[in-house]
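Chemist: For the protein sequence lines, the chains are A and B, in the order given.
Going by this note's numbering, the letters in the first sequence line up with residues 1 to 258, in that order.
Going by this note's numbering, the letters in the second sequence line up with residues 1 to 334, in that order.
Honestly, I wouldn't trust all of these hints.
Covered stretches of chain B (in silico footprint by chain A; criterion: 3 or more residues with CB under 8 Å from a CB of chain A, positions within the stretch not fixed) [to be verified]:
no.	segment
1	204-218
2	228-241
3	268-278
Sample of chain B residues at the chain A side, in silico, Cβ under 7 Å [to be verified]:
no.	residue
4	80
5	190
6	221
7	224
Hints were generated in silico from the structure; no laboratory data involved.
Where is the CB? At the ideal position from N, CA and C, for every residue including glycine.
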Amino acid sequence: MTGQAALEARGVTATLGLAEVLHGIDLSLAAGRWTSIVGPNGAGKSTLLKVLAGLLAHGGEVRLHGQSLAALPGRLRAQRLSWLGQGVAGEGSADDLMVYDVAMLGRLPHQRWLAAPSDADRTAVERALRSTQAWDWRERPLGQLSGGERQRVLLARALAVEAELLLMDEPLANLDPPHQADWMRAVRALVADGKTVVSVLHELNAALAADAVVVMAAGRVTHHGACGDAATHRAIEAVFEHRVAFHHVAGQWLAVPH
Amino acid sequence: MKEQHRRAWGLGIALVAMAAALLVLGAGIGSTGFENLLAVGDDPVALQIVRDIRLPRTLGAWLAGALLGLAGAVAQGLFRNPLADPYLLGSASGASLGVALALSLFGLSPASTQWVVRLGLTGAAFLGAVMAVLLTLLLARGVQQTLRLLLAGVIVGVVLGAAKDLLTIASADILQAIQGFMLGSTGLVGWGACAVMGGLGAVCLLLGWALAPVLDGLALGEATAASLGLPLGAMRAALVAVLALATGAAVAQTGLIAFVGLAAPHLVRSVVKTTHARLIVLSTAMGGLLLMAADLLARWMIAPQELPVGVLTAVLGGSYLLWLMHRRSARGGR
Chain A
1 MTGQAALEAR GVTATLGLAE VLHGIDLSLA AGRWTSIVGP NGAGKSTLLK VLAGLLAHGG
61 EVRLHGQSLA ALPGRLRAQR LSWLGQGVAG EGSADDLMVY DVAMLGRLPH QRWLAAPSDA
121 DRTAVERALR STQAWDWRER PLGQLSGGER QRVLLARALA VEAELLLMDE PLANLDPPHQ
181 ADWMRAVRAL VADGKTVVSV LHELNAALAA DAVVVMAAGR VTHHGACGDA ATHRAIEAVF
241 EHRVAFHHVA GQWLAVPH
Chain B
1 MKEQHRRAWG LGIALVAMAA ALLVLGAGIG STGFENLLAV GDDPVALQIV RDIRLPRTLG
61 AWLAGALLGL AGAVAQGLFR NPLADPYLLG SASGASLGVA LALSLFGLSP ASTQWVVRLG
121 LTGAAFLGAV MAVLLTLLLA RGVQQTLRLL LAGVIVGVVL GAAKDLLTIA SADILQAIQG
181 FMLGSTGLVG WGACAVMGGL GAVCLLLGWA LAPVLDGLAL GEATAASLGL PLGAMRAALV
241 AVLALATGAA VAQTGLIAFV GLAAPHLVRS VVKTTHARLI VLSTAMGGLL LMAADLLARW
301 MIAPQELPVG VLTAVLGGSY LLWLMHRRSA RGGR
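Model the full structure from these sequences, guided by the hints.
Modeler: Have a look at this one:
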C-alpha cells in the first residue's frame with residue numbers, strides 16, 4: 001500500500017475467553033484512504049477492529065501514526081480515533097436518551113468534564129446529524145426509532161467526534177439501500193477531507209467500493225490489496241469457499257454469491 | 001431540546017413544591033388526626049411534638065426516599081437494567097444481618113430512643129450494608145464486569161439473608177425487632193439522622209451528578225463508552241461507592257423500604273426523556289416525595305395506629321410497576 005500508515009498492527013494476538021481469536025496479525029493501513037475488512041463469520045474482523053481502536057487487551061503492538069496506541073492517554077486516543085460498534089446500542093438501555101444527546105456524546109473527548117457544549121460542539125453535532133439525515137429527529141428519544149434510524153443516529157455519534165480515523169463495525173446494518181448509498185458518499189467525503197476510514201463489512205459489494213480490502217479468515221489476514229485486483233478477488237473467493245463470483249458492471253466490481 | 005428542557009425544569013419545580021406542601025402537612029398529622037399548625041404556637045408541648053418528632057420524621061422520610069431515588073437512578077444506569085434497584089449489591093441483606101447481629105449480641109431494642117442504642121443499631125445497619133457491597137465486589141473481582149457484579153450481588157443477598165434468618169431463629173426474642181427493621185419505618189428518625197442523611201445525600205448527589213456522563217456513555221454499550229476515552233474502571237468504582245453509601249445511609253436510618261428506588265427513576269422517565277445528569281437529580285427529588293407521601297399515608301390511614309411505611313411502598317410501588325407493565329404491553333411490547 002502506498003502512502004504513510006495511519007494504523008499499524010505488529011504481531012497482534014487477541015483472546016476471547018480462553019480461545020485465541022487473532023493469531024499474529026501484521027497490517028499497515030494507509031492514511032487518507034478507505035479500507036474494508038471482509039471475511040467469513042468468526043474470522044476475527046470485529047475483534048481486530050476493537051484491537052485497532054485500542055478497546056481490547058492484546059498481544060503485539062498497534063501504532064497510530066508511528067506512536068504506540070497503548071501509551072496514548074484514553075482521552076487523546078478518543079479524540080483521534082472514533083469507533084462505531086456493531087448492533088443495536090445498549091439493547092434498549094439507551095432508549096430514553098434523546099437523539100441530540102446521543103450525538104453529543106461523540107463530543108465528550110473534546111469537552112472539559114461537566115462543561116457545557118461549546119459552539120464548536122454544537123456545530124459538529126448538527127453537521128453529523130444532518131449528514132446521516134437524522135437532524136429532524138433530534139428531539140426524539142432513541143427508543144422511538146426503528147433499527148435503521150437508530151443506526152443513522154449512532155453513525156452520527158461516531159462522526160461527531162470528528163476524529164482523523166474512523167473505525168466502523170458493520171455500519172450498513174439495518175440501513176436501506178438509499179441510506180447505504182448516503183453512507184458511502186459520507187465516507188468518500190471524509191476520505192477526500194484527508195480522514196482515514198476502516199470498515200468491517202458483510203456486504204461485499206459495499207466493501208469493494210473501498211480503496212483497499214483486507215481479507216481475513218480464521219484469525220489471520222490472508223490478503224491485503226486494491227479492490228480491483230484479480231489477486232484480491234481470488235483471496236475473497238478462497239475465504240468464502242469459492243462461492244462468490246466477481247463481475248465488472250458499469251465501472252464497479254460486484255460480488256455475486258452462488 | 002427546548003421542550004424536554006422545559007419539562008425537566010417543570011418537573012423539578014413541581015416535585016420541590018409538592019414536597020414543601022407535604023412537609024407542612026406532615027408536621028400537622030399526628031396520632032390524633034390533623035392539627036392546626038398555627039394553634040401550636042400557644043402550646044409548648046404541641047410545639048415540641050411538631051419540632052422534635054413530626055418535622056424531623058417527615059423531613060427524614062424525604063431524605064431517605066431521596067437517597068433511595070438517587071441510588072435507584074445510579075443502579076439502573078450502572079447495570080443498564082431498568083429493573084435494577086438500590087439493594088442489588090446485597091446491601092439490604094447486609095444491613096439486616098448487621099442489625100440482627102447487634103440485637104443478638106447486645107440485646108438492644110430498636111424501639112429504644114436512647115441515643116447510644118440508636119447509634120449502635122444504625123451503625124450496625126450501615127456497616128452491614130457497606131460490608132455486603134464490599135463482599136460483592138470481592139466476589140465479582142472488582143467492578144469491571146457488570147454481569148458478574150449482578151450475580152455476586154444476588155449470591156451475597158441470599159447468603160447473608162440466610163445467615164440473618166439463622167441468627168433470628170437462634171435468638172427468637174429479636175424476631176419482632178428484626179421484622180420491624182425489614183418492614184421499614186420512619187418513626188424513629190430524629191434531627192441527628194436527618195443531618196447524617198442530608199450530609200451523605202449531598203455528597204452522593206454531587207458525585208452522582210458529576211459522574212452522570214459516564215452513565216450516558218455506558219447506555220450506548222461498554223465498548224462505546226471506552227472508545228470515548230472514559231476511564232471506566234475508576235468511574236464505575238466511584239459510582240458503586242455512591243450506590244453503596246446512599247443505600248447504606250437510607251437503610252441504616254429507616255430499614256428496608258421497598259420499591260422507592262426502583263419506581264422513582266421510572267416515574268421521572270415517564271415524564272421527561274433526558275440525560276443521566278438530570279435523571280439523577282429529578283429521581284432524587286421524586287424518591288423523596290414518594291417516601292414522604294407514603295409516610296403521611298402510613299400515619300393517617302389507620303390513625304391512631306400506624307402502618308409500616310415499607311409495606312405501603314411495596315403495595316403502591318408494586319401496583320405502579322404492574323400498571324407500567326400493562327401499559328407497555330398494551331402499546332405493543334415496547
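Chemist: Please verify that hint: residue 224 (chain B), Cβ, nearest Cβ of chain A, below 7 Å or not.
Modeler: Status holds, d = 6 Å.
Chemist: Verify this for me: three or more residues of the segment 228-241 of chain B with a beta carbon less than 8 Å from a beta carbon of chain A.
Modeler: holds (count 4)
Chemist: Is the interface hint for residue 190 (chain B) satisfied, with its Cβ closer than 7 Å to some Cβ of chain A?
Modeler: Since the shortest Cβ distance to chain A is 36 Å, the answer is violated.
Chemist: Tell me if chain A covers the segment 268-278 of chain B under the three-residue, 8 Å CB rule, please?
Modeler: holds (count 4)
Chemist: Mind checking the CB of residue 221 (chain B) against every CB in chain A and telling me if the closest is under 7 Å?
Modeler: holds (5 Å)
Chemist: Given residue 80 (chain B) as an interface hint, is the shortest Cβ-Cβ distance to chain A below 7 Å?
Modeler: holds (4 Å)
Chemist: Against chain A, does the segment 204-218 of chain B show at least 3 residues with beta-carbon separation below 8 Å?
Modeler: Our answer is that it holds, as 5 residues pass the Cβ test (under 8 Å) against chain A, meeting three.
The structure is inconsistent with hint 5 alone, although it conforms to all the rest.
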